[in-house]
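K.L.:
This is what each chain is made of:
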Amino acid sequence: MSLLYTKQLTRAYGGVIAVSDVDFSVEKNSISGLIGPNGAGKTTLFNNVTGMDIPTSGSVHFNDKDITGVPAFKISRLGIARTFQNIRLFKEMSVLENVMIGRHFKSGRSMISGRTVNALTSYMKMKSEEKDVYDKAREWLDFFGLDEARNEAAKNLPYGNQRELEIARAMATEPELLFLDEPAAGMNPQETDHLMSTIRRIRDLGVTVLLIEHDMKLVMNICEHITVLNYGKKIAEGNPSEIQKNPLVIEAYLGKED
Amino acid sequence: MINFLLLILIYTGLYALLALGQNIITGFTGLLSLCAAGFFAIGSYTTAILTVNYGWSFWFTIPLAGVLAALAGALIGLPTLRLKGDYLAIATLGFGEIIRNVILNWDSLTRGPMGINGIPMPTIFGMVINPYRKWGYLTLVWIFVIVFYFLLKRLTRSRMGRALEAIKEDEIAAYSMGINTTKYKVWAFMVGAFVAGCAGSLQAGFTLSVTPNTYTFMVSVMVLCMVVLGGMGNHLAVILGALIIQLAAEFPRLLGLSSTVPPQFKQIVFGLILVIMMIYRPQGIVGRKKVNYDKFVGNETRRVAKKSEVN
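Chains H and G are the protein sequences, given in the same order. Positions in the first sequence are counted from 1; adding 154 to them yields the working numbering. Positions in the second sequence are counted from 1; adding 10 to them yields the working numbering.
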């Protein structure tokens, strides 16, 4: 069953059609990849699915519910979390606080009846709620091996750890579907290996993972299903060996032989 | 001399309240707002009009002044939320000036440039808090500062405070983490304006008359400087910032040099402090307050105990 699918999703910016008529799906509990040359529309597709951008036409369905045009902060509450191509951590805040932010909407829903008012009225209540958030955050830090560094400012972490912290923060929202936008960008081979095992461990928790990546070693190693975009159109999909043989994909990446 | 010192401390208290409010908007949420003077004016005029024209008790006008200022905060917050950085600053600057101009021209309600005089002195349990004798009013203002300090500290230490800081650090990431950034930005404006409105109310009860030219753009700039100087996102620091700026602004008179040093000289000192700060300590004198969650939540020991049980 498809956890997420799009129907003829199109996003145009003026005359430029960044994503054009894409039917795309992600199977439940899989690790899927979205690849394509630079400017192929991968991130645009991501943004349209996660509510950061609104499609020009077409629709997005998650758990068989139409989520087209739902704003991002609500999408994350439905169970989709994401990371960003260029790391977007809360840099001055501590590692722990970054992950605690991921628990934000899990720890209270409404401002009036919710915990913000508790913050003013009952110190004990607020403290016990904070403790829940804290405990969960530390569990996730443990999972990613970042617990030791929890009181460091996020900006002081080594690059590879920053990438993992961003994933930890996304996982703290307890998503069903995790989007990773170029998680291995800028990583050295050791860091990439570590990332691969982390992604597998995330999948083993029952979370579906979809990633955009240029590192073909990573993609071919861990993705069970790959979709290829070029010039905003879907040009191929299938398992890694099918994709590697597909002439359209080879042409998109290497150009055509005369 | 002692009287003058008390006067400075009273004004420090009023400015500390403004700075605490501004700190929520700018220090925590990262919204560069320049209309503190506007909220301040709304608070003052609410108290002036209600006490003089309608015979309200001073005490009841304080919360109402806060609420009206908060509504103004929502009013400015909602349309300008899409703006960032300098654009937001210009829009809020305009808003502050609009408030002042409305007050200046709405003669039937505010008596325009003449202002409103004859605000009754606040009384408590039959005792008059005479602003001319300073001590009473000094206590009153600083009680407000302390109460707001604790309330705001609690608020910013909750999930709300974290959400506000997340918006400051990276709005897009905060949004994608399930934080309703629009709601929190309006909320920040409302909380900040509420505090400033209460400060305005206290100011009216102290000066016993209000005129529009008290609430100029300079006030907003001073308040912003206090926040930047003290340390964004740190309540105690901005109170310290208010004290330093007040002392810097009044130093010629404090040192008895008012006959030799022209009053414009304080602006030079003022500017100098800011330039030096921006070069050597852009995060402010104190900087952001780090919360030690291990200690705050207080279960570090329990976790360790749990782990050793497993082993």
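Among the hints, a few may not be true.
With a straight-line cut-off of 20 Å between C-alpha atoms, the simulated EDC-like cross-links for lysine to aspartate or glutamate are [said to hold, decoys possible]:
#	chain 1	residue 1	chain 2	residue 2
1	G	Lys305	H	Asp301
2	H	Lys309	G	Asp180
3	H	Lys281	G	Asp180
4	G	Lys94	H	Asp207
5	G	Lys300	H	Asp175
6	G	Lys300	H	Asp207
7	H	Lys260	G	Glu181
8	H	Lys161	H	Asp175
9	H	Lys228	G	Asp180
10	H	Lys182	H	Asp301
11	H	Lys182	H	Glu391
12	G	Lys300	H	Glu306
13	G	Lys163	H	Glu246
If you are wondering where the hints come from, they were derived from the structure by calculation, not from laboratory data.
K.L.:
Take the hints in turn and mark each one as holding or not.
P.N.:
Cross-check of the supplied hints:
A distance of roughly 15 Å separates the Cα atoms of G/Lys305 and H/Asp301; the hinted pair therefore holds under the 20 Å criterion. About 13 Å separates the Cα atoms of H/Lys309 and G/Asp180, which keeps this hinted pair within 20 Å; it holds. About 26 Å separates the Cα atoms of H/Lys281 and G/Asp180, which puts this hinted pair outside 20 Å; it is violated. Distance restraint check for G/Lys94 and H/Asp207: the Cα-Cα separation of roughly 19 Å lies within the 20 Å cut-off, and the hinted pair is therefore satisfied.
Proposed proximity of G/Lys300 and H/Asp175 is contradicted: the alpha carbons are some 48 Å apart, above 20 Å. In summary, the hint linking G/Lys300 to H/Asp207 is not supported, as the alpha carbons are separated by about 34 Å, beyond the 20 Å threshold. At roughly 19 Å between alpha-carbon atoms, H/Lys260 and G/Glu181 fall within 20 Å of each other, so this suggested pair holds. With a C-alpha separation of about 7 Å, the suggested pair H/Lys161 and H/Asp175 falls inside the 20 Å cut-off, and the hint holds.
Our distance criterion of 20 Å between C-alpha atoms is met by H/Lys228 and G/Asp180, whose separation comes to about 18 Å. With a C-alpha separation of about 30 Å, the suggested pairing of H/Lys182 with H/Asp301 is violated against the 20 Å cut-off. Taking the CA atoms of H/Lys182 and H/Glu391, the gap is near 16 Å; set against the 20 Å cutoff, the hint holds. Straight-line distance between C-alpha atoms of G/Lys300 and H/Glu306 comes to about 10 Å, which keeps the hinted pair within the 20 Å bound.
Among the hinted pairs, G/Lys163 with H/Glu246 is consistent with the structure: their alpha-carbon atoms are about 19 Å apart, no more than 20 Å.
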